[in-house]
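Dock chain X against the given chain Y, drawing on the hints supplied.
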Amino acid sequence: MLKTRIIPCLDVIKNKVVKGVNFKNIRVMGNAVEMAKYYSLSGADELCMLDINASYQNRKTFIKTVESVAKVINIPLTVGGGVSDLSDITDLLNAGADKVSINSAAVKNPRLIRQASLRHGSQCIVVAIDGKRFNNKMKVVIKGGREITRNELINWAKQAQSLGAGEILMTSMDTDGVQNGFDSNMLKKVTSSVRIPVIASGGVGNLEHFYLGYLTKSTGLLAASVFHSGKYKIKTVKKYLSRKGVPVRI
Amino acid sequence: MKKKVIGLIDGQSGNIGSINKAIKDIIKGRPYQLKIIKSHFNYSSFDKIILPGQGAYATLMSNLKKLKIIKPLKKYLENNSSYLGICVGMQILSDWGYEDKTTRGLGIINGDIKKFKNKKLIIPHMGWNTINLNKDDTIVTNSFDKRDFYFVHSYIFQNIKKSDVLAFTLYGKKFPSIVKKGNIYGVQFHPEKSHKHGLNLIKNYILKT
Numbered sequence: 028m029l030k031t032r033i034i035p036c037l038d039v040i041k042n043k044v045v046k047g048v049n050f051k052n053i054r055v056m057g058n059a060v061e062m063a064k065y066y067s068l069s070g071a072d073e074l075c076m077l078d079i080n081a082s083y084q085n086r087k088t089f090i091k092t093v094e095s096v097a098k099v100i101n102i103p104l105t106v107g108g109g110v111s112d113l114s115d116i117t118d119l120l121n122a123g124a125d126k127v128s129i130n131s132a133a134v135k136n137p138r139l140i141r142q143a144s145l146r147h148g149s150q151c152i153v154v155a156i157d158g159k160r161f162n163n164k165m166k167v168v169i170k171g172g173r174e175i176t177r178n179e180l181i182n183w184a185k186q187a188q189s190l191g192a193g194e195i196l197m198t199s200m201d202t203d204g205v206q207n208g209f210d211s212n213m214l215k216k217v218t219s220s221v222r223i224p225v226i227a228s229g230g231v232g233n234l235e236h237f238y239l240g241y242l243t244k245s246t247g248l249l250a251a252s253v254f255h256s257g258k259y260k261i262k263t264v265k266k267y268l269s270r271k272g273v274p275v276r277i
Numbered sequence: 590m591k592k593k594v595i596g597l598i599d600g601q602s603g604n605i606g607s608i609n610k611a612i613k614d615i616i617k618g619r620p621y622q623l624k625i626i627k628s629h630f631n632y633s634s635f636d637k638i639i640l641p642g643q644g645a646y647a648t649l650m651s652n653l654k655k656l657k658i659i660k661p662l663k664k665y666l667e668n669n670s671s672y673l674g675i676c677v678g679m680q681i682l683s684d685w686g687y688e689d690k691t692t693r694g695l696g697i698i699n700g701d702i703k704k705f706k707n708k709k710l711i712i713p714h715m716g717w718n719t720i721n722l723n724k725d726d727t728i729v730t731n732s733f734d735k736r737d738f739y740f741v742h743s744y745i746f747q748n749i750k751k752s753d754v755l756a757f758t759l760y761g762k763k764f765p766s767i768v769k770k771g772n773i774y775g776v777q778f779h780p781e782k783s784h785k786h787g788l789n790l791i792k793n794y795i796l797k798t
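Protein sequences, first through last, are from chains Y and X.
The C-terminal position of the first sequence is numbered 277 in the working numbering, with every residue numbered one higher than the one before it.
The C-terminal position of the second sequence is numbered 798 in the working numbering, with every residue numbered one higher than the one before it.
In case anyone wonders, no lab produced these hints; they're calculated from the structure.
Check each hint, because a few of them may be wrong.
What the hints assert, rightly or not - Below 25 Å or equal to it, Euclidean Cα-Cα: the simulated DSS-like pairs (lysine-lysine) are:
1. Y/Lys185 - X/Lys690
2. Y/Lys266 - X/Lys690
3. X/Lys593 - X/Lys610
4. X/Lys627 - X/Lys664
5. Y/Lys64 - X/Lys785
6. Y/Lys98 - X/Lys770
Just so you know, these numbers come straight off a predicted model, no measurement behind them.
The following block holds chain Y by itself, in its conformation from the complex:
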């Protein structure tokens, strides 16, 4: 049986893992390579690493960090943040990423999804979508929620799939960073309208939240703070889920 994936997410600046609520009050949580190695050894099913400050200068260091991380783990690695064109995607895959996630650039230029999936295969193209509600309508936002787009969330998810996305990384900006649980309602709407795997992101604060995330039919559950802070070990989460009848890799 296919297992639900538990995916720690590292928000990275250069080579440091950081955490900030809604991109404010940024705190350093640790060294990216050390933390990646730790998670790979302690039972993470996959690792996600995002360059959250992808300026030209930081980028070079980030790519070096990707190379170092890829060398010390033997689980799949998804990398994203600030990916703007095909050459960014190629650079990250060459650095050792297994999948690259595209967000704003895909919204601005949807053809990028098609071009990237034709060149590298759908399996390594993840479309990251940030969703937020406005007057009860779910919209796509970009730039970490600072810019609202005209895209309606579900239409965009479907479009991403038809353009060749292999997976959707779905973050709700309504729940991200506040640890009150995933946005079940938003996630269910997305998982029921696409056929590709969906990773739930944004809002995990306790064990039950993981279980509720599983119930949305997301096949990957992504979390950051609860792991980085040491509140839960990956094993703790998996044991809990297993007791609830969720298929996990133990």
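What follows is chain X alone, placed relative to chain Y:
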């Protein structure tokens, strides 16, 4: 002592970094050497060949053709020489692939590569899933039975002889996750991404077969 030569084919179908590193770690301090194959090669100068692959069947076949790898590889396989194909590197052992367009494969293990039919399934089949051994083998001993490995694919081996299937996995229905014919192995999952059990499989293949 003469070193055994392992060839790792770079079919320009996904990253070979992880598998390259895994092999290097395994053969460190042992009488083996690793050569990357990127073009026509002499099939008699390799003791083992590993071909990892991601993406589409048709793309890998056409890349191998462009790189002039098909002919020596076919010769190598027809001699029943030791081979490990990973993901699409396994799939091209079949007669035909039906991804994107109909493509003739290497025809080493009879069967076709077709898409998962069940419309209710999430496609690609992506993540960790269990292998069930039909029989134990040098590369997958009993202790591998019911272990989880990392899969990413939408196409599966069909119309394959039962005797060529070493292990199967359930996703909607049973499909072959390890195939074997003589000294030729194919795995549908990615052992290089499958943590310690994956690395042990590669280790068994290199050191024990």
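The hints, checked one at a time:
no. : hint                : in the structure
1   : Y/Lys185 - X/Lys690 : holds, 24 Å
2   : Y/Lys266 - X/Lys690 : violated, 44 Å
3   : X/Lys593 - X/Lys610 : holds, 18 Å
4   : X/Lys627 - X/Lys664 : holds, 17 Å
5   : Y/Lys64 - X/Lys785  : holds, 13 Å
6   : Y/Lys98 - X/Lys770  : violated, 33 Å
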